[in-house]
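Mind docking chains S and V on chain R? Use the hints.
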Amino acid sequence: MKSWRRTLEAFCLPFGAILFGLILFGIFCAAVGQNPLAVYGSIWKAGFGNWRTFQNTLIRAAPLMLTSLCTALPARLGLVIIGNEGALIIGGLAAVSIGLVLAGSAPPLIVQVGMAIMGMIAGGLWIASAGALRHYRGVNETISSLLLNYIAIALLNHLVGGPMRDPNSLNKPSTYPLPEADMLSNIPGTRVHWGLLLGVIACVIAYFLIQRTTFGFAARTAGGNIRAARIAGLSVGKLTVIVCFLGGACAGLAGMVEVAAVQGAANESLNVGYGYGGILVAFAARHNPLAAIVMSLLVGGILASGGVLQRSFGLPDATVLVFEGLIFLVVLYSDSLYGKFPFFKEKPVMSPPPPAPSAPTPTATT
Amino acid sequence: MSEKLLLGLSRRQVIRGLLATTAFGVTVKFGTGCTSEGSEQAAADSGTGGGDGQPITIGFIYVGSKDDYGYNQAHAQGAQGMVDKFSGQVNLVEQASVPETTEVQEAMRSMIDTDGAIALFPTSFGYFDPHIIKVAEEYPEVQFFHAGGLYNEGLPDNIGSYFGYIDEAQYIAGIVAAMTSRSGKLGFVGAKPIPQVLRNINSYTLGARSVKPEVTTQVIFTGNWAEPIKEAEATNSMVDQGIDVVTCHVDSPKVVMETAEKRGIYCTGYHADQSALAPKGYLTGAEWDWTNIYSKIAEDILAGKTLVDGGIEHILRGGLKEGFCKLSAYGSAVSADTQKAADDVLAQFMDGSMVIYKGELKDNQGNVVIASGQEMKQLDPKLEEMNYLVEGVSGSIGS
Amino acid sequence: MAAEATQAIGWWGVLLAIAAGTMRGGTPFLFVSLGECLTEKSGKINLGLEGTLLTGAMTAYGVSYLTGSPWLGVIAAGIAGALLGVIHGWLSQQPRVNDVAVGIAMIIFGSGIAFFFGKPFIQPKAPQLPTIDLGNWSDIPALQAALQITPLFLLGLAIAPVMNWFFRSTRWGLFVRAVGDSPEAARAMGVSIFKVRMLSIIAGSFLAGIGGASLSLYYPGLWTERISSGQGLMAVALVIFARWNPIQCLWASLLFGGAQALGPALQSVGIKEGYYLFNAAPYILTLFIMIFTCSSKKMISGAPGALGTSS
Numbered sequence: 451m452k453s454w455r456r457t458l459e460a461f462c463l464p465f466g467a468i469l470f471g472l473i474l475f476g477i478f479c480a481a482v483g484q485n486p487l488a489v490y491g492s493i494w495k496a497g498f499g500n501w502r503t504f505q506n507t508l509i510r511a512a513p514l515m516l517t518s519l520c521t522a523l524p525a526r527l528g529l530v531i532i533g534n535e536g537a538l539i540i541g542g543l544a545a546v547s548i549g550l551v552l553a554g555s556a557p558p559l560i561v562q563v564g565m566a567i568m569g570m571i572a573g574g575l576w577i578a579s580a581g582a583l584r585h586y587r588g589v590n591e592t593i594s595s596l597l598l599n600y601i602a603i604a605l606l607n608h609l610v611g612g613p614m615r616d617p618n619s620l621n622k623p624s625t626y627p628l629p630e631a632d633m634l635s636n637i638p639g640t641r642v643h644w645g646l647l648l649g650v651i652a653c654v655i656a657y658f659l660i661q662r663t664t665f666g667f668a669a670r671t672a673g674g675n676i677r678a679a680r681i682a683g684l685s686v687g688k689l690t691v692i693v694c695f696l697g698g699a700c701a702g703l704a705g706m707v708e709v710a711a712v713q714g715a716a717n718e719s720l721n722v723g724y725g726y727g728g729i730l731v732a733f734a735a736r737h738n739p740l741a742a743i744v745m746s747l748l749v750g751g752i753l754a755s756g757g758v759l760q761r762s763f764g765l766p767d768a769t770v771l772v773f774e775g776l777i778f779l780v781v782l783y784s785d786s787l788y789g790k791f792p793f794f795k796e797k798p799v800m801s802p803p804p805p806a807p808s809a810p811t812p813t814a815t816t
Numbered sequence: 193m194s195e196k197l198l199l200g201l202s203r204r205q206v207i208r209g210l211l212a213t214t215a216f217g218v219t220v221k222f223g224t225g226c227t228s229e230g231s232e233q234a235a236a237d238s239g240t241g242g243g244d245g246q247p248i249t250i251g252f253i254y255v256g257s258k259d260d261y262g263y264n265q266a267h268a269q270g271a272q273g274m275v276d277k278f279s280g281q282v283n284l285v286e287q288a289s290v291p292e293t294t295e296v297q298e299a300m301r302s303m304i305d306t307d308g309a310i311a312l313f314p315t316s317f318g319y320f321d322p323h324i325i326k327v328a329e330e331y332p333e334v335q336f337f338h339a340g341g342l343y344n345e346g347l348p349d350n351i352g353s354y355f356g357y358i359d360e361a362q363y364i365a366g367i368v369a370a371m372t373s374r375s376g377k378l379g380f381v382g383a384k385p386i387p388q389v390l391r392n393i394n395s396y397t398l399g400a401r402s403v404k405p406e407v408t409t410q411v412i413f414t415g416n417w418a419e420p421i422k423e424a425e426a427t428n429s430m431v432d433q434g435i436d437v438v439t440c441h442v443d444s445p446k447v448v449m450e451t452a453e454k455r456g457i458y459c460t461g462y463h464a465d466q467s468a469l470a471p472k473g474y475l476t477g478a479e480w481d482w483t484n485i486y487s488k489i490a491e492d493i494l495a496g497k498t499l500v501d502g503g504i505e506h507i508l509r510g511g512l513k514e515g516f517c518k519l520s521a522y523g524s525a526v527s528a529d530t531q532k533a534a535d536d537v538l539a540q541f542m543d544g545s546m547v548i549y550k551g552e553l554k555d556n557q558g559n560v561v562i563a564s565g566q567e568m569k570q571l572d573p574k575l576e577e578m579n580y581l582v583e584g585v586s587g588s589i590g591s
Numbered sequence: 380m381a382a383e384a385t386q387a388i389g390w391w392g393v394l395l396a397i398a399a400g401t402m403r404g405g406t407p408f409l410f411v412s413l414g415e416c417l418t419e420k421s422g423k424i425n426l427g428l429e430g431t432l433l434t435g436a437m438t439a440y441g442v443s444y445l446t447g448s449p450w451l452g453v454i455a456a457g458i459a460g461a462l463l464g465v466i467h468g469w470l471s472q473q474p475r476v477n478d479v480a481v482g483i484a485m486i487i488f489g490s491g492i493a494f495f496f497g498k499p500f501i502q503p504k505a506p507q508l509p510t511i512d513l514g515n516w517s518d519i520p521a522l523q524a525a526l527q528i529t530p531l532f533l534l535g536l537a538i539a540p541v542m543n544w545f546f547r548s549t550r551w552g553l554f555v556r557a558v559g560d561s562p563e564a565a566r567a568m569g570v571s572i573f574k575v576r577m578l579s580i581i582a583g584s585f586l587a588g589i590g591g592a593s594l595s596l597y598y599p600g601l602w603t604e605r606i607s608s609g610q611g612l613m614a615v616a617l618v619i620f621a622r623w624n625p626i627q628c629l630w631a632s633l634l635f636g637g638a639q640a641l642g643p644a645l646q647s648v649g650i651k652e653g654y655y656l657f658n659a660a661p662y663i664l665t666l667f668i669m670i671f672t673c674s675s676k677k678m679i680s681g682a683p684g685a686l687g688t689s690s
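From first to last, the protein sequence lines are chains R, S and V. Under the working numbering, the very last position in the first sequence is 816; numbers go up by exactly one each time. Under the working numbering, the very last position in the second sequence is 591; numbers go up by exactly one each time. Under the working numbering, the very last position in the third sequence is 690; numbers go up by exactly one each time.
Next comes chain R alone, as it looks inside the complex (with noise of 0.2 Å):
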């Protein structure tokens, strides 16, 4: 379908984006008098230097798989969902509450299945009622999503802190806790937990659904043109509650992993960013989920390394948010380039390229 030069391009301009991201980074450590070369090799030595660090960059990857999917998927359909936090925390609670009630009378797989199937539901219904909003009444998603994160943590705060409450979770207000039993666990050989699988399968599942099934087009073409797809025949309306859903429902598995695999109870600790940096992840992999991996881990080892700029260069705590943010402004901005460089057409040209097309979308594997 496509020549080998536009899949060369989808490579290079992101991984180019984060290499000149790392530039301007050393840039920023140099003038704050650090040696960039020394800091470089810490960090590829914290994030992907053996297989010991490369897991602290595995287990920060998966929530981000499952949370960049709540905003990629809406994406297709055109919709811009920032709700990833809101939905996340809603799915740990909900998860929690089941596997309450489910712990001691069913076996553990039992328990695990429900309480991800009660955080997927409750993600995506949370995330859907924004889709519904935008579909039948037009509230802006963008917006709506954002006020739901607000009311998602405030509900935390308040079922965490009174009538959820576990009187024996003193300083920390919890949830009671999960049994040991109906955790889950890691995968074994490594300290990672299987929420990193769950994630992987997530991605690969939506990029099937988005790419390579009718469902997948048709919120693809309504995505691209809602007129034309009422034309065809399309419910967009319908369209947009279950995609919404399913994107919700991802960010509220994320939500489920992380009470079931880390936390073995809900607190406070479930809004920690996991929404935000999915948000990011979803624009940076261009909402293709595949893409979302790649990203997801390339984040990871960016987070992973913020302990090292500390421990070993005495950077203060903020340094990993520049780098964060240098990495993911200069990732955004790549994306403007596609079609620019001569060398990728599809037919080089040796002439001055025209000026930028704006028409083409982001299809396959972009």
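If you're looking for bench data, these hints aren't it; they were derived computationally from the structure. Any given hint could be a false lead.
Stated by the list, open to error - Mimicking EDC-like on lysine to aspartate or glutamate, the simulated pairs with C-alpha atoms at most 16 Å apart in a straight line are:
(1) Lys504/V / Asp465/S
(2) Lys326/S / Glu630/R
(3) Lys495/R / Asp307/S
(4) Lys495/R / Asp305/S
(5) Lys504/V / Glu453/S
(6) Lys550/S / Asp572/S
For chains S and V alone, kept in the frame of chain R given last:
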């Protein structure tokens, strides 16, 4: 302790000598652990270790920025103070702004694997369960010291818990506040209704009511550890309700102190000395003295003691007497009478005769929480599970 | 310590706290929302104002501390905000680059910059902006304190009608509206869409930076990394609440500012439960207002036509 002194003697000899003279009795147990097989093994395992003059590495992890002018900064300064005391013997690795997720587990692992830390101090309460427990199981040769958690049997025995009864200082601050207040209404800005906060509120109130039984404390919870605007609003609305002394238990007391000063009322500090922020209204304050605590523990570690062999106690607690906390110097608004009353109680704390929680004690719903004749000494773990506000506090522990 | 005088204030205290809170807490909202309003009128969203606000707060406090002049701090905050605005304005107008995503990246970048360079300023006390005491006629200290108004609030109060007039009656205002409503028409008028949006975003970010200055130099009057309770992000919702009308931005900011004071004030008179939910009241309110005033048939009146599209 100077470097030169160490050259002639083996370091361990010096430390033993120091231990023998130290006034700190809680953690020190002679005859156990100093040269035990286990501790030597631990030191050798981690590749750094004690006896051969190689510095050991100790890691500190903070939940927020270590320059927050509050909880985390108090710990970070304590860590720095400890390292300064043992310069050349202890290396410090620190990581700040580590959330209570897998991230703290990873931070602990990399401090151990990469930096060779043999002891870790994750300083946030929320690090304990499940994060520290999990990593402690993985690294039995490393010692984990956690601020505030409740260690109990069955947990990995390389975990220790330390915390200070800063509510003793709050009790005295309450006395000073009550005797200085004209309206008899005190204010307390709290972050969340959790045991550590409730205990401070209650001790503050009990102190106040011990000298003026009609005094009341209004408590306002902001809901989070750092909410500058809500903290300012809470202080302002308290002033509007006639309260004329405020204190707080939030991450950074700066807002409350400055707002109180602006409104022309008194305040008592928390975490650290805030007298510079409110030169007119600052009465006194409850301060941590982490340098002291960390130095004691570091000393034990350098002496080769471990939690596993019992050389270091699993639960390390103390108040004013043990030097875990202290009072700020009295401000200019504190009268001589008040100072005397406060100093008298301080003396009782210092000789160990003071008990804050004794019956009959009622909560603010009218229920008896400690029956008459009963006493709860500071070390009582029941007090660390506090879930009530005492009579005289106006507020509620629901969220 | 005129405790006696305030003894009887009781429930009036709640009203007073809200009234005072509207001005104290509303000032940063006012600047950020006016900034966002200008930005959105030109057809782009700037979610990154949260980062701008933090950078502004840090810069204002730092400059005030270093130079001893809070007003210099305010100006520096505006300039720092404008610089971040340049990045957002340029980046968000590149082809295929989404302004929402750039905004979120700018939150991370802006807060990173603010936290990184703000470390030395957390502890020192910087000179604060002077206040205008309107309450001297009263002998109730609570009222006096409530009526201590920052000049920044008055500045914001003045900017709102001026911006309204700018949109309605000036040539440049027409350009901004045209670019925001129908870029095609603007292009036909010979207006450079890029330049108009760039200037709108820079000016909006300048205002947001000043909003940050009001946090660190007036109320609560200090620099910490947690100084913003999300005012920058909320501004986006607030502007919708205000239907892209600067005058209504003023009312909405006062409302949101007052809502922040509601939770603590209610606790001080004995309503103790549910403060998390009280604190979320502004968000719930905004959501409901959006639900009831939007319709699938037409855009909300006042909404810039190009908002949220890629043009």
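Evaluation of the provided hints:
| no. | hint | result |
| --- | --- | --- |
| 1 | Lys504/V / Asp465/S | 15 Å, holds |
| 2 | Lys326/S / Glu630/R | 12 Å, holds |
| 3 | Lys495/R / Asp307/S | 13 Å, holds |
| 4 | Lys495/R / Asp305/S | 13 Å, holds |
| 5 | Lys504/V / Glu453/S | 13 Å, holds |
| 6 | Lys550/S / Asp572/S | 12 Å, holds |
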